Amino acid sequence: MMTFKNSIRTCAVLALSQFLALPLAAQEIAVFTKNQVDPFFNDIRVGAEMAAAAKGWSTVQYVPTKPNNLTEQISQLEDASLRNPDAILFVPIDPDALAPVVERVANAGIPIVNVADRAASGSYLTFVGFDDVVLGEVAAKALADRLGGEGRVVIIEGVKGSKVNEDRVNGFRSGLSAFPSIEVITSQPANFQRLQALQVMENLIQSTPDIDGVLASIDAMALGALEAIEAAGIEAQVVGVDGISEAVEAVRDGRMAATAEFSGFKMSCLAIEAVDRAANGLDVPAEILLSGSLITAENAGDFLVPLEEQTCPDWDAVVN
Amino acid sequence: MSEATRSGRDWHSAIDKLRGSEIESIFLRLAVLFVVGLFLTIATDTFLTQTNLVNLLRQASLMFLLAAGLTLVLIVGGIDLSVGANLALSACLTAGVYKATNSVPLAIATGLATGAAIGFVNSLLVAFLKLPPFLATFATLWVCQGLAFFYMSGSVIYGFPPEMRALGSGFWLGIPVPVILMTIILIFLTVFLRRSTIGHELYAIGSNATAARLSGIPVRRRLILVYVLSGLTAGFAGIVYLARVNSADAGVGEPLLLPVIAVVLIGGASLYGGRGSAIGTLSGALILTAVLNGMNLLAIDSNLQPMAAGLVVLLALALEAVSKKHQRKK
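Protein chains in written order, with the numbering used here: chain A, 1 to 320; chain B, 1 to 330.
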């Protein structure tokens with residue numbers, strides 16, 4: 001009965017696609033990102049397109065019209081699977097909530113690569129991304145070193161409950177725990193918003209005049225905090241995470257102390273590579289973890305290369 | 001003719017009555033603000049300092065700019081859900097035009113024109129197609145959001161010259177420029193709503209649109225005016241936003257929509273129309289900002305902050321409801 005239904009559905013889809021002349025390319029990769037707003041996801045999209053083109057695949061992009069809208073991503077995944085793409089690159093908005101749909105799509109025989117936001121479980125081909133806890137630790141250590149191992153630090157958090165935020169903030173705390181003379185005065189939320197971070201920082205400067213350093217879980221918030229610090233004329237070192245170009249420029253110009261690299265381009269590049277290898281019967285490990293580089297004034301120039309001129313990291317170097 | 005004059009007199013006296021309760025409700029809001037302020041003054045030694053108050057006013061000013069036109073829309077019994085997306089699109093186009101031409105006046109003119117144009121489209125949908133304002137502006141919200149996404153395609157435009165940034169982060173005679181802008185708009189709106197015939201007509205439309213039309217008020221033209229003003233202030237807020245944070249991306253408007261509606265409602269406007277004032281909206285912006293400011297000063301656990309903010313909003317609205325009940329009993 002089930003197979004009968006399925007075959008009817010397949011027939012219907014085939015008929016429909018013939019009728020609409022949908023470009024059911026032989027080698028199509030569907031790429032799912034969370035929103036159109038954050039430049040990070042644009043890096044993922046461009047990285048996927050470039051790597052796919054280099055290997056003879058085509059890509060179709062799926063982005064929710066309302067940023068980070070879970071229900072929309074669920075329907076997009078269901079709709080996309082009807083096109084029967086050869087593989088899916090998937091940045092889940094909520095990995096747990098999406099698990100059942102991912103399961104269904106994977107069972108239909110479409111390999112799915114989990115990118116950036118890690119799912120605890122699910123039938124993914126592999127996970128490609130950075131370890132956010134490690135990124136937080138790298139950033140925290142950079143700040144502590146800059147402060148000479150002592151001082152008063154505030155943390156600016158993103159949206160409470162978001163995994164990226166929790167992991168990075170935990171990383172901040174564990175990174176700072178190695179420096180007993182560094183005191184975390186407070187950890188305040190700014191919801192990943194630049195304006196909120198600016199205002200939170202203005203308020204914190206009022207309540208605690210002697211802040212030596214700021215850790216922000218994303219660069220956009222680090223830049224907001226930096227605006228407040230520069231306007232108030234206080235000396236506080238700012239470290240962020242992500243490596244967006246504006247932050248890298250601020251690091252290069254000595255306005256920000258450092259940021260930790262979280263490259264969407266590299267992730268999606270490697271994810272395409274994983275799809276390509278799997279399609280050619282080669283082994284793909286269960287996880288592909290990139291180690292984030294620390295971006296400082298010395299090496300900032302290397303991170304300001306336009307996307308079009310960036311190259312994929314070497315597969316063997318990352319996997320081994 | 002006499003028919004029109006009589007009903008005209010009717011709504012004038014209705015507005016006088018309304019004003020009595022309006023003044024009471026403004027006092028109520030100032031009382032809430034005072035209590036929040038008093039609490040924070042006792043609980044922290046930093047709230048009642050000159051720098052923090054300057055901070056507070058500057059933080060509230062952006063909210064007020066965005067809420068100013070929206071207040072007019074609520075007074076006529078409408079709603080403008082597109083203000084956040086309008087702010088985002090206006091900020092993005094302002095940023096884009098500046099980067100393309102290096103001309104600050106041209107960039108600012110683009111932002112204002114974008115805002116007003118979106119407001120004009122809203123007004124046509126509401127005044128001529130008679131679409132419910134909630135749906136019409138919900139649709140333009142998406143259109144603006146989509147245009148901003150398309151225009152920016154995931155990028156952020158940043159880095160603006162000092163003369164442009166002055167609008168958001170500059171000072172004039174020691175007062176932050178956005179606070180001065182807020183004061184000008186506050187005075188203008190208050191005089192407009194209290195002293196001008198058109199201002200009175202807006203309350204009449206919001207209280208009873210049919211009666212207003214029958215008494216000779218050009219309802220359509222007034223609707224066009226308020227939606228265009230709402231779009232214009234949202235566009236202007238977009239420019240000030242850009243000037244304050246020194247960057248623009250397509251996602252900046254969405255997180256502002258619900259807070260700005262909350263500000264106008266805490267400020268005493270009603271979703272059913274006929275109520276609201278500029279000073280009320282200002283007090284709404286100040287209450288909300290003071291709560292957020294206070295939570296930072298007190299270093300309240302970040303997990304508890306949304307709940308604390310929600311409780312204060314509830315408190316403000318509950319006080320309003322209790323006082324209305326009290327008024328009715330009188």
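No lab work stands behind these hints: they were computed from the structure. Please note that the accuracy of each hint is not assured.
Unchecked claim - Pair ranges (Cβ atoms, derived):
1. VAL184(A) x PHE34(B): 31 to 39 Å
2. GLU287(A) x LEU315(B): 30 to 38 Å
3. GLY310(B) x ASP210(A): 27 to 35 Å
4. GLU230(A) x TRP172(B): 57 to 65 Å
5. VAL60(A) x LEU315(B): 43 to 51 Å
6. LEU319(B) x GLU298(A): 37 to 45 Å
7. THR208(A) x LEU38(B): 42 to 50 Å
8. TRP172(B) x GLU183(A): 32 to 40 Å
Given the structure is predicted, the values throughout are model-derived calculations rather than measurements. Glycine included, every Cβ here is placed at the ideal spot set by N, Cα and C.
Sort out which numbered hints this structure fails and list those numbers smallest first. 2, 4, 6 and 7
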